[in-house]
Amino acid sequence: MSAMEKINIVSIIGNSICVAAEDGQKVYDAIYTALQEGKNIEISFKGIEDLTTLFLNAAIGQLYDKFKDDELKNRMFVVDASSQDLDTLKHSVERAKEYFKDPERFHSATDEILGHDNE
Amino acid sequence: MTLTLGQIKTGFNGFQSILDLDKQIVPEDYEINISNWIDANMCAPLGAILHRKKTKNMPVRISNISLFVKSILQKNHFLSQFGVSEKPDSYGTTIEYRRFETVNKLNAYGQFQAYVTKYFRSRSLGLPEMTPALLKRFRESLFEVFWNAIEHSYTQDGIFTCGQFFPGQKRLTFSISDLGIGIDGNIYRNLQRRLPAEDAIRWAISGKTTRRGRSGGLGLQLIQEFIKLNQGRLIIVSSAGYWELSKGKVSTNTFSMPFPGTVVTIDIDTSDKTSYCLSSEIDSSNVF
Chain A
15 MSAMEKINIV SIIGNSICVA AEDGQKVYDA IYTALQEGKN IEISFKGIED LTTLFLNAAI
75 GQLYDKFKDD ELKNRMFVVD ASSQDLDTLK HSVERAKEYF KDPERFHSAT DEILGHDNE
Chain B
6 MTLTLGQIKT GFNGFQSILD LDKQIVPEDY EINISNWIDA NMCAPLGAIL HRKKTKNMPV
66 RISNISLFVK SILQKNHFLS QFGVSEKPDS YGTTIEYRRF ETVNKLNAYG QFQAYVTKYF
126 RSRSLGLPEM TPALLKRFRE SLFEVFWNAI EHSYTQDGIF TCGQFFPGQK RLTFSISDLG
186 IGIDGNIYRN LQRRLPAEDA IRWAISGKTT RRGRSGGLGL QLIQEFIKLN QGRLIIVSSA
246 GYWELSKGKV STNTFSMPFP GTVVTIDIDT SDKTSYCLSS EIDSSNVF
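Chains as they are written, first to last, in the working numbering: chain A, 15 to 133; chain B, 6 to 293.
Bound conformation, chain B alone (with noise of 0.2 Å):
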């Protein structure tokens, strides 16, 4: 049987093309046709959703993928794991598709490590102009999402990643999944509450922790400022919940069916000038 993958972009409809995909696949031999269009960096979700069903044993097959498509999703190594080739990619503009184990936590972090090294430096291949400013904090949001992912998602199925640079739109897009109990799952298993997913996000931004005896909490909030300040676009899906702030807008959403697992999408400005000092001045003799 053939099902047709709706076109995948960076928003709500496009999470909500991949749960309708998720939904109706079952156990049976299926080609996934991939026709329409699909941003690179929702190979992370894709392929997180794709190898879920692969560990329950209900492997699908690629076919009927338009060129186009078909070209960028060899060059970020997307369609490797169903035996297309790599192709390479001698601009630089894609962000490979990884799957990072999470048995061993620290092994995990020293492959991410080297990962956004390889992607993410001043020399990187590809990478827009950015100031240094602008670049570092970026790295650091997504070492700050990985993490989130590795501690509190208790995920068994690794954590997925892919992003791509749009040189002539000076935009860098890049998507974390993991298959994870969700943001929602976190509070109910640490602290005996249960919220509706998208009040679970807003409860994770708002800068509260599950983690006991250390302060924490603070990563999504600074992204959120960090994101602000660019007028870029931070996108958090777990479970049922949509969160999404654009240009400094806050929106929200309930998806009819889990994405099992979060998402978090970071996607910036790469023209941004700003300092991103999110305080103001401080004097390194008073800061404790």
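Pulled out of the complex, with its shape left as it was, chain A reads as follows (with noise of 0.2 Å):
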């Protein structure tokens, strides 16, 4: 069985507020390496006031380009997070998983995009 890391994203940044990308990325860089290295992962989402997506882009959603989804599902654990941050998490995830199946479709700035505001 693997080793498990705890990872405490506050502890990493130092900060309750989570929000900005560059502190993200410190939190992906500490979770790359512990998955790198066979570990499973608790992260732990204890004392966060706020969060953002860009936030979680960085510190989560990078992830999906690097690992395959099925691999970061059996060995990435979430506790202590209050509904409204796993929500938050929840779109980032699935934002990630779409972006790096097709990043191209993200990017594209057709016409078909250019849907309709009140649908």
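For the record, the hints were derived by calculation from the structure and aren't laboratory data.
Honestly, I wouldn't trust all of these hints.
[Said to hold, decoys possible] One-sided excerpt, in silico: chain A residues whose CB lies under 8 Å from chain B:
| id | residue |
| --- | --- |
| 1 | 21 |
| 2 | 26 |
| 3 | 30 |
| 4 | 34 |
| 5 | 36 |
| 6 | 65 |
| 7 | 67 |
| 8 | 72 |
| 9 | 76 |
| 10 | 87 |
| 11 | 95 |
| 12 | 105 |
| 13 | 106 |
| 14 | 117 |
[Said to hold, decoys possible] Dumping the calculated DMTMM-like pairs for lysine to aspartate or glutamate here, alpha-carbon to alpha-carbon at most 25 Å:
| id | chain 1 | residue 1 | chain 2 | residue 2 |
| --- | --- | --- | --- | --- |
| 15 | A | 111 | B | 156 |
| 16 | A | 40 | B | 91 |
| 17 | A | 82 | B | 288 |
| 18 | B | 92 | B | 36 |
| 19 | B | 110 | A | 36 |
| 20 | B | 92 | B | 106 |
| 21 | B | 175 | A | 63 |
| 22 | A | 82 | A | 108 |
| 23 | B | 278 | B | 230 |
| 24 | A | 111 | B | 27 |
| 25 | A | 115 | A | 85 |
| 26 | B | 75 | B | 94 |
| 27 | B | 58 | B | 94 |
| 28 | A | 87 | B | 288 |
| 29 | B | 278 | A | 63 |
| 30 | A | 111 | B | 230 |
| 31 | B | 233 | A | 63 |
| 32 | B | 14 | B | 36 |
| 33 | A | 111 | A | 79 |
| 34 | B | 278 | A | 94 |
| 35 | B | 123 | B | 162 |
| 36 | B | 110 | A | 63 |
| 37 | B | 123 | A | 63 |
| 38 | A | 115 | B | 91 |
| 39 | A | 87 | A | 19 |
| 40 | B | 123 | A | 36 |
Small disclaimer: the values here were computed from a predicted structure and weren't measured.
Note that the Cβ used here is the ideal one computed from N, Cα and C, for glycine as well.
Build the complex from these two chains, which are given one at a time in their own frames, with help from the hints.
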């Protein structure tokens, strides 16, 4: 059985306001290193006051470019997250999965993306 | 010469008044008459325009300001840049007008965090009664918008912010303005595609991103969902485009001359008790 590494987001960035991509990158580096070392990871959201998708896209979203969806699902676990933060995380994760399947779709500026505002 | 600033309420006509002023100020000695009403949050785009004039050696002076408006603009420090003294805000309903220098992005972000913490924590003076969930979503929305301005506007002139609590109406309104290349300019710069300004705003709202190598584009999309749940208002002005979501309905418009940057205004109903979890129940063991 693989070793479990505990990663506390607030401890890594030294701030309860988890909103800047630069801070998210620090969390990404810690998670990436542990995964590369074959460890499973428990990510603690304890103490987070504010959380943005910008932060999570950097901290966690980028992992979907390096690892398969199933591998991340089997090796990463979330603890101590409020329902609001889980909601933000879920959005960021779903977006990352979609994005890394076909990045160009999210950069396209073709007319088909200019959908209907009220839909 | 004296120019009279038209009434500036948060909306298309208010922005049009600011753009009319922008057009009229040319290199001469000008005074601006602010005898008409101005919504305090609109100090952000107005301050941005006046700052731009100053950097182009077109400084303006303020004259004939009505006492009531003067009092608010002294309390939120907008008039300090014109040498008018500040006034204490004993009720704490004004949210200070600020210009954030963006030469060092992380410094700007640190200063903005401190500013948000000062005005939007549950114990902040003057803050209307709000659920913790609403206040948290509001703060997170401000961070998303501010960082978007830093990352995507390429502004050299800073980011301007201002807001106001309206305890009687149970509303909180806040504007963030930059003097950057606009959303249309960002799309052209990064994707080499020219879109009309209004379509460029819709492009950004639809969850697209110009940033490569990392998923993005969620910020404005989630803010839009949040504002729909709150039955509030989200207004985006970028270049000549105007996009407004109000009580769940979207309307758009085009200015005859462009705003030199982007302004995002968030206006929320502070009495709303929605939980603000945008997805249905999430199992933490199944989030990845």
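Holds or violated: residue 115/A and residue 85/A, Cα atoms, limit 25 Å.
16 Å, holds
Between residue 115/A and residue 91/B, is the straight-line Cα distance small enough, at 25 Å or below?
Roughly 54 Å between the alpha carbons, so the hint for residue 115/A and residue 91/B is violated.
Pairwise hint evaluation, residue 63/A against residue 278/B, where the allowed Cα distance is 25 Å at most:
19 Å, holds
Straight-line alpha-carbon gap residue 175/B to residue 63/A, limit 25 Å:
24 Å, holds
Residue 278/B and residue 230/B were given as a pair; does the straight-line alpha-carbon distance stay at or below 25 Å?
With a Cα-Cα distance of about 15 Å, the restraint between residue 278/B and residue 230/B holds, given a limit of 25 Å.
So if I understand the rule, the pair passes when the alpha-carbon distance is 25 Å or less; does residue 110/B with residue 36/A pass?
Roughly 10 Å between the alpha carbons, so the hint for residue 110/B and residue 36/A holds.
Under the criterion that the straight-line Cα-Cα distance not exceed 25 Å, is the pair residue 92/B, residue 36/B satisfied?
Holds, at roughly 22 Å.
Is residue 40/A within 25 Å of residue 91/B, Cα to Cα?
41 Å, violated
Straight-line alpha-carbon gap residue 123/B to residue 63/A, limit 25 Å
14 Å, holds
Interface hint check: residue 26/A, Cβ to nearest Cβ on chain B, cutoff 8 Å. Holds or violated?
At 16 Å from the nearest chain B Cβ, residue 26/A fails the 8 Å test, so the hint is violated.
Are the Cα atoms of residue 58/B and residue 94/B separated by 25 Å or less?
Answer violated: residue 58/B to residue 94/B is near 29 Å, above 25 Å.
Holds or violated: residue 82/A to residue 108/A, with C-alpha atoms at most 25 Å apart:
13 Å, holds
In summary, the structure is inconsistent with hints 1, 2, 3, 16, 24, 27 and 38 from the numbered list given earlier, while agreeing with the others.
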